[in-house]
Amino acid sequence: MNRHDERYEVLLSGSGGQGIILAGVIIAEAGISHNLKVVQTASYGPESRGGASRSEVILSGEDIDYPAVTQPDFVIALTQEAADKFAPRVRPGGSVLLDSTWVEKPPPDVQATIASFPLTEEASNHFRKPLVANIIALGFFAERNPLLGPDEILQAIIRRVPSHYRELNEHAFAFGRELAGRKTA
Amino acid sequence: MGGAKGRTVLLQGNEACAMGAIYAGCRFFGGYPITPSTEIAEHFARKLPTVGGVFIQMEDEIASISAIIGASLAGVKSMTATSGPGFSLMQENLGLAAVLEAPVVIVNIMRSGASTGHPTGTGQADLMQSRWGTHGDHPVVVLAPATAQEMFDLTVKAFNISEKLRLPVVLLPEAVVGHIREAVYIPTEGEMEVLDRKRPDSYENLLFFRRDENGVAHPPDLGTGHRPHYTGLTHDEDGFFTAEPGKVNAFTVGLNSKLELHSDLLTDYREDAVEDAEIVMVSFGVTARVCSHITRSLRKKGVKAGSFRPRIVWPFPEKRLKQIAQNAHTFIVPELNLGQMRSTVQCAVGQDKRVVGINRVDGTMLTLERTLEEVKKVLN
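Line by line, the protein sequences are chains A and B. 76 is the number that numbering that gives the first Met the number 0 gives to position 77 of the first sequence; each next residue is one higher, with no gaps. 136 is the number that numbering that gives the first Met the number 0 gives to position 137 of the second sequence; each next residue is one higher, with no gaps.
There may be inaccurate statements among the hints.
What the hints assert, rightly or not - So these bits of chain A aren't anywhere near chain B, every CB distance computed over 12 Å:
id, residue
1, 34
2, 35
3, 36
4, 42
5, 62
6, 84
7, 144
8, 148
9, 157
10, 162
11, 174
12, 176
13, 180
What the hints assert, rightly or not - Examples of chain B residues lying across from chain A (beta carbon under 7 Å, computed):
id, residue
14, 179
15, 181
16, 185
17, 288
18, 292
19, 323
20, 367
21, 369
To be clear, the hints were calculated from the coordinates, so they are not data collected in a lab. Just so you know, even glycine gets a beta-carbon here, dropped at the ideal spot from N, CA and C.
Next up, chain B with everything else stripped away, as it sits in the complex (with noise of 0.2 Å):
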């Protein structure tokens, strides 16, 4: 950081967070408190009156992201907090807001466990759910931070892509990367960059939803004079519903094309030795730090190891990890969940590579010396 004049703070994961989304302009929370993200919510309760937004605690993590759609829709950048019982509720209107093209950031502090679960525990079994939960076909982004100074970067690249391609935008920390404690480096307005939704001027023939050459459409700010018509149903560039089989496809074709038209700003991932390796380690979020741990021990050692973490999960960096496939022979998938980022990686490296997964549901996080060992048995 040299020459920046920004300043570095002990921040918990969750400040990061909020502090971050207001720096990337977001002014208006909607939210219902929950563990283990509620410091998010309290962060957002102190400061958003201070920088002219709005903090409103809703009934129910339904309304919460009604709230914030709503609010999106009218112009102002928005976010929601919640954990995974909160995220189950919220998943008809996510798709509600890809199918609106309305950028929402919401963030899911992973808990441990199904249902209620063990709410001050720490799990990675959203992961699935945070690319599948609403459903029918919809473009999703999913943001995996490890880090605190990660929670604050991520959060303003969650709110740049959702401005960007016009989506919802999931952040995906673990409960234990909410509540760490670490140096975070606040950079200057400025130092960092902040985009903004396009807002054209006029629509042709009032074609509210008609996508221009990057695959993106810009719908009106609520109250700028135009009368846009929004629906969740399948509809047509006036945004009015349509049956049309030719203009169902275009509609799903056009809503999902996004993500692949827009696959280098959607890309990112960090990787260590990877190049000669042998051995992968992939994995995301906390576990990813217990991973590279572990890889260049095992790399003083003399094993060719490596680590790969992508930091945007959904979309999967298959590309890269198909490139690491070429030398690599075998993949070790540690998760705090069944096995769900696994499957991913078999497909990415192809069958005939072996993938191993790692998996702890106790609720806490993987240890170095269990999972050491755990590495050792694949290794021999």
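With the rest of the complex left out, here is chain A (with noise of 0.2 Å):
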């Protein structure tokens, strides 16, 4: 590839409604705390309203030019759709995270590291919020990533999310760290 290599790429990506572009902005907002320059976009449109929605996040050392993901070191997945169209695009080593409540079947010929977890029907089941399956991804992305250390990621979120909601979403956040300690489903 041609780009500079002192680019990590993350990119999520899931159906509209389901906190990927929160996520996107936390990350670069956790970015920023760590001195890095970041750049976060999103597909935009009707898609925002239930179908495929992605955001993409590049942190940097450096000031970045090419404002789009090329090779994602890191692609988190929420949907089926997701899964099949962005898991592929991972560079060879990088890591993929899926929701398995939606992905039933993790795509073939991903040279990367694979986890998968029912992150949806777990936030379901320990939170009574299936919106905090974002926030679950995130723990387990702080555990996984060789960037942002968790407490970073976890002032963003709290800055970010409605103060009534701290609680629940440091709950969430807690669980996926410790999911990513977990072998893989």
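Both chains are sitting in their own frames, so use the hints and assemble them into the complex.
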């Protein structure tokens, strides 16, 4: 690839309403507090009302010129469609996190570590809020990415979520971190 | 930013634009929401009332530009934001603002395609419209930001230019720049220069439209006791219609001379490694971010490549390009349109230079891979 190697690229994807864009914004804000350069972009339009939704984050120690993900280092996919479309694009040796609540068949031929957990189901069972699947995913990401520490991400979450949901999100985040220590389902 | 006390926050380009406008003193927004510009209106609707400003959602884009011209004539810095279809509707009154010497800022977040086009797609095909969209010879200043930070900075600059030269200024970002989120440094009050229009106390012989030694006329704000006559017709220094050829000529030449007289203020570009470059990529807005990535890669491989990006696209910085063309033999002009800047570059560098376009009109940005392939074809 012709991209500059300092970049670390994250691609989050799912369905409109799953909090994909918020999760990308949180990673970007955590990147700023880590003194990194960041770019966050999102697919936009009718798809944000229930169709495929995508959020991209680029983190770099240098100025980021090209503002799109070229080959993601980390892919989070919360639907089958998203998994089929984006998991195969992951950089060889990168990471993929799938929500097995919706992704029944992990795509073949992905040259990366694939972790698969029923994120939405766990969110419903543990927190009665399927919506925090994105925060659980961030907890997982916090443990598995090489740049951002869990506390930086947690602080970014706290700044972004309504204060009366703070505790819920803290628990969801902690749960996601714990998943990262488990063997994948 | 050593010693600066502002703050750095993650902002969407459109939010940064609205914040830059408020920083520059904008206190009136009249607009009609349209993708991909709507976040600008949303930000103004929330924030303007908290700083003593006024937000009005108008019935359409013709009313929107009319409203901001009216507010500006009343002395309030004013702005509207739209996308291609709305920008088309605004063309007639864009000319009116130029002729009335009304400082206003118009943001056109470029979508893709003609007519209603592809609302969520990104494009750069309004470049020529921003120069020639309204009829008659008129002064035009157009700025093309490439980052969320520039959405803030160049919006402030757009207001400064419009106030200083008393003309409409257009900000022309692509949808992708309107929606990108990046770290944006917000300066403290006074840290960044903010210019206000001159407001003379008196006018000799009521010649409200007489130009000063800098070529700028300073008609009074409405409601300040003066009684200027404003018209879109060709007018004399007193503001009233004239058909006398000498005066019609003086009106049109005077109106347009503002640009040449202030070419320093209106020249703004960024360049990288052009001094000894044989191949130069010329582009604007988000496309330039692809080009600088590619030219830096080519440099590492020993190719004498450089990049050039006007931040003010109109007036076009042809003088600087002419200088660059003394060494360079090839210019590559990637654009998200079918070649609108290419011909402008060819004019600037001369017909004997090789000027090649790379064009994409599918609603997406240029990708690194495809652009590099195209560049390699040009190099071979």
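Going through the hints against the structure:
no.: 1; hint: 34; in the structure: violated (10 Å)
no.: 2; hint: 35; in the structure: violated (9 Å)
no.: 3; hint: 36; in the structure: violated (7 Å)
no.: 4; hint: 42; in the structure: violated (8 Å)
no.: 5; hint: 62; in the structure: violated (9 Å)
no.: 6; hint: 84; in the structure: holds (15 Å)
no.: 7; hint: 144; in the structure: holds (18 Å)
no.: 8; hint: 148; in the structure: holds (18 Å)
no.: 9; hint: 157; in the structure: holds (15 Å)
no.: 10; hint: 162; in the structure: holds (19 Å)
no.: 11; hint: 174; in the structure: holds (26 Å)
no.: 12; hint: 176; in the structure: holds (23 Å)
no.: 13; hint: 180; in the structure: holds (30 Å)
no.: 14; hint: 179; in the structure: holds (5 Å)
no.: 15; hint: 181; in the structure: holds (5 Å)
no.: 16; hint: 185; in the structure: violated (13 Å)
no.: 17; hint: 288; in the structure: holds (5 Å)
no.: 18; hint: 292; in the structure: holds (4 Å)
no.: 19; hint: 323; in the structure: violated (20 Å)
no.: 20; hint: 367; in the structure: holds (6 Å)
no.: 21; hint: 369; in the structure: violated (11 Å)
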